[in-house]
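Work out the full structure, taking the sequences as your base and the hints as a guide.
For the protein sequence lines, the chains are W and L, in the order given. Position one of the first sequence corresponds to residue 1 (my numbering), numbered consecutively onward. Position one of the second sequence corresponds to residue 1 (my numbering), numbered consecutively onward.
Just so you know, the hints here were simulated from the structure itself, not pulled from any lab data. Since we're looking at a predicted model, the values are computed, not measured. Check each hint, because a few of them may be wrong.
Said to hold, decoys possible - With a Cα cut of at most 20 Å, we get these calculated DMTMM-like pairs of lysine to aspartate or glutamate:
1. K205/L - E199/W
2. K181/L - E69/L
3. K181/W - E187/L
4. K116/W - D90/W
5. K47/L - E99/L
6. K47/L - D86/L
7. K3/W - E187/W
8. K181/L - D190/W
9. K181/L - E187/W
10. K205/W - E100/L
11. K181/W - D190/L
12. K181/W - E25/L
13. K181/L - E30/L
14. K66/W - E131/W
15. K181/L - E156/W
16. K116/L - D86/L
17. K163/W - E131/W
18. K147/L - E99/L
19. K94/W - E25/W
Said to hold, decoys possible - Counterexamples of contact, computed for chain W against chain L with all Cβ distances above 10 Å:
20. D14
21. G15
22. G31
23. M48
24. V84
25. G87
26. D90
27. E91
28. H105
29. A114
30. T125
31. F128
32. G145
33. Q160
34. P176
35. Y196
Note that beta-carbon positions come from the ideal geometry of N, C-alpha and C, so glycine has one too.
Protein chains: 2
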Amino acid sequence: MSKLVVRAVSMSLDGFMAGAHQSLENPMGEGGMALHAWAFGTRTFQKMFGNAGGATEGLDEEFAAKSFENNGATIMGRNMFGPVRDGWGDESWKGWWGEEPPFHHPVFVLTHHARKPLVMKGGTTFHFVTEGIAAARQRALEAAGGKDVRIGGGAETIRQYLKAGLVDELHLVQAPILLGKGERIFEGLDALGGQYRCESFSASKAVVHYRLVKQ
Amino acid sequence: MSKLVVRAVSMSLDGFMAGAHQSLENPMGEGGMALHAWAFGTRTFQKMFGNAGGATEGLDEEFAAKSFENNGATIMGRNMFGPVRDGWGDESWKGWWGEEPPFHHPVFVLTHHARKPLVMKGGTTFHFVTEGIAAARQRALEAAGGKDVRIGGGAETIRQYLKAGLVDELHLVQAPILLGKGERIFEGLDALGGQYRCESFSASKAVVHYRLVKQ
Numbered sequence: 001m002s003k004l005v006v007r008a009v010s011m012s013l014d015g016f017m018a019g020a021h022q023s024l025e026n027p028m029g030e031g032g033m034a035l036h037a038w039a040f041g042t043r044t045f046q047k048m049f050g051n052a053g054g055a056t057e058g059l060d061e062e063f064a065a066k067s068f069e070n071n072g073a074t075i076m077g078r079n080m081f082g083p084v085r086d087g088w089g090d091e092s093w094k095g096w097w098g099e100e101p102p103f104h105h106p107v108f109v110l111t112h113h114a115r116k117p118l119v120m121k122g123g124t125t126f127h128f129v130t131e132g133i134a135a136a137r138q139r140a141l142e143a144a145g146g147k148d149v150r151i152g153g154g155a156e157t158i159r160q161y162l163k164a165g166l167v168d169e170l171h172l173v174q175a176p177i178l179l180g181k182g183e184r185i186f187e188g189l190d191a192l193g194g195q196y197r198c199e200s201f202s203a204s205k206a207v208v209h210y211r212l213v214k215q
Numbered sequence: 001m002s003k004l005v006v007r008a009v010s011m012s013l014d015g016f017m018a019g020a021h022q023s024l025e026n027p028m029g030e031g032g033m034a035l036h037a038w039a040f041g042t043r044t045f046q047k048m049f050g051n052a053g054g055a056t057e058g059l060d061e062e063f064a065a066k067s068f069e070n071n072g073a074t075i076m077g078r079n080m081f082g083p084v085r086d087g088w089g090d091e092s093w094k095g096w097w098g099e100e101p102p103f104h105h106p107v108f109v110l111t112h113h114a115r116k117p118l119v120m121k122g123g124t125t126f127h128f129v130t131e132g133i134a135a136a137r138q139r140a141l142e143a144a145g146g147k148d149v150r151i152g153g154g155a156e157t158i159r160q161y162l163k164a165g166l167v168d169e170l171h172l173v174q175a176p177i178l179l180g181k182g183e184r185i186f187e188g189l190d191a192l193g194g195q196y197r198c199e200s201f202s203a204s205k206a207v208v209h210y211r212l213v214k215q
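Dropping the structure here:
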């Protein structure tokens with residue numbers, strides 16, 4: 001059965017999934033890039049960047065590879081799709097990922113501004129959903145063809161789905177660093193207590209991986 | 001050299017070191033007791049409760065035992081000492097721990113209300129410090145006779161010392177549960193980014209232990 005999943009979301013020991021002062025030049029915020037160092041070193045991510053290197057085994061590679069498996073559709077927030085605010089203007093913005101984005105499946109972008117679907121190379125089509133998170137979930141599940149729907153981010157989008165009780169599984173990654181400030185994933189989610197069971201957790205040399213399942 | 005240390009402080013995956021609605025009947029707050037389950041199972045803690053059981057080895061026992069080693073003095077907040085608010089009234093409150101508290105060294109209680117030192121059995125004397133956290137640190141370091149000074153808690157006291165940049169080492173324990181709400185240890189500590197280096201982290205079957213050292 002299709003599930004709504006959060007995968008490979010990294011946060012600091014003090015709970016931030018991005019540092020302070022996120023900007024176009026520094027989308028992870030101050031110090032935020034360090035949260036993702038575990039992923040950058042894996043073969044899966046190196047391959048995505050067009051490189052041949054990266055570790056081919058180990059816990060981090062295992063989880064990195066898994067984060068791309070069995071995803072039939074992705075949901076993301078407007079800000080993750082791009083820096084354009086308010087209306088879509090001349091509609092020239094086509095995402096951060098170039099002509100052939102690494103999704104290879106339908107991507108549903110949450111927005112307040114309607115826009116026609118955007119067909120890219122390699123199987124990715126961006127759909128713009130103005131009817132809210134429940135509608136996006138419904139459409140993504142239908143489009144996923146029995147596979148899972150991954151919530152790509154950012155933090156605000158993940159929080160909205162958690163708040164609505166719609167996330168079936170989470171793979172969280174904790175980096176052993178303190179950022180002091182930034183954007184939390186777990187903020188204003190008072191009802192979360194007891195909703196998830198930790199199925200497993202394990203430490204690599206770089207981070208700790210947690211797998212949470214809705215009970 | 002004496003250090004100011006935080007040891008065996010447990011928090012949830014969403015960053016809470018106590019659940020919501022802490023009270024006299026439920027001092028850890030809703031769901032908060034689960035954060036400490038790892039410790040309760042160890043021989044060190046069982047012994048403290050007067051029991052013979054508990055695991056005698058393993059990572060959790062190792063860290064539990066270490067949390068009591070080389071402590072020459074303890075600092076704690078007023079609320080950790082007891083539920084009495086405002087003035088000390090008839091001074092009949094002598095802490096939660098009975099006639100022979102498990103500290104066996106000088107304990108410095110942060111308070112706004114002066115009170116004479118309270119000499120207990122077994123080497124514990126409670127000193128009441130009205131001059132603030134820096135004064136308490138100074139007095140505790142002097143009293144510790146070259147050993148470390150442990151900040152016993154609660155969250156507010158730990159935060160104050162972190163904010164002032166006075167904590168030399170932290171041993172944090174992360175339990176793989178979500179509480180949703182409660183009291184955070186890392187809140188309002190904007191300047192913390194980059195102040196600590198994670199010396200090691202390791203997962204037991206129950207929790208993940210992190211050792212942080214000021215850089």
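Evaluated hints:
no.	hint	in the structure
1	K205/L - E199/W	holds (12 Å)
2	K181/L - E69/L	violated (32 Å)
3	K181/W - E187/L	holds (9 Å)
4	K116/W - D90/W	holds (12 Å)
5	K47/L - E99/L	holds (17 Å)
6	K47/L - D86/L	violated (34 Å)
7	K3/W - E187/W	violated (23 Å)
8	K181/L - D190/W	holds (5 Å)
9	K181/L - E187/W	holds (9 Å)
10	K205/W - E100/L	violated (43 Å)
11	K181/W - D190/L	holds (5 Å)
12	K181/W - E25/L	violated (34 Å)
13	K181/L - E30/L	holds (9 Å)
14	K66/W - E131/W	violated (30 Å)
15	K181/L - E156/W	holds (18 Å)
16	K116/L - D86/L	holds (16 Å)
17	K163/W - E131/W	holds (17 Å)
18	K147/L - E99/L	violated (24 Å)
19	K94/W - E25/W	holds (18 Å)
20	D14	violated (4 Å)
21	G15	violated (4 Å)
22	G31	violated (5 Å)
23	M48	holds (27 Å)
24	V84	holds (30 Å)
25	G87	holds (35 Å)
26	D90	holds (39 Å)
27	E91	holds (38 Å)
28	H105	holds (29 Å)
29	A114	holds (35 Å)
30	T125	holds (34 Å)
31	F128	holds (31 Å)
32	G145	holds (31 Å)
33	Q160	holds (15 Å)
34	P176	violated (4 Å)
35	Y196	violated (5 Å)
Figure legend: structure checked against the earlier numbered hints; hints not met, in rising order: 2, 6, 7, 10, 12, 14, 18, 20, 21, 22, 34, 35.
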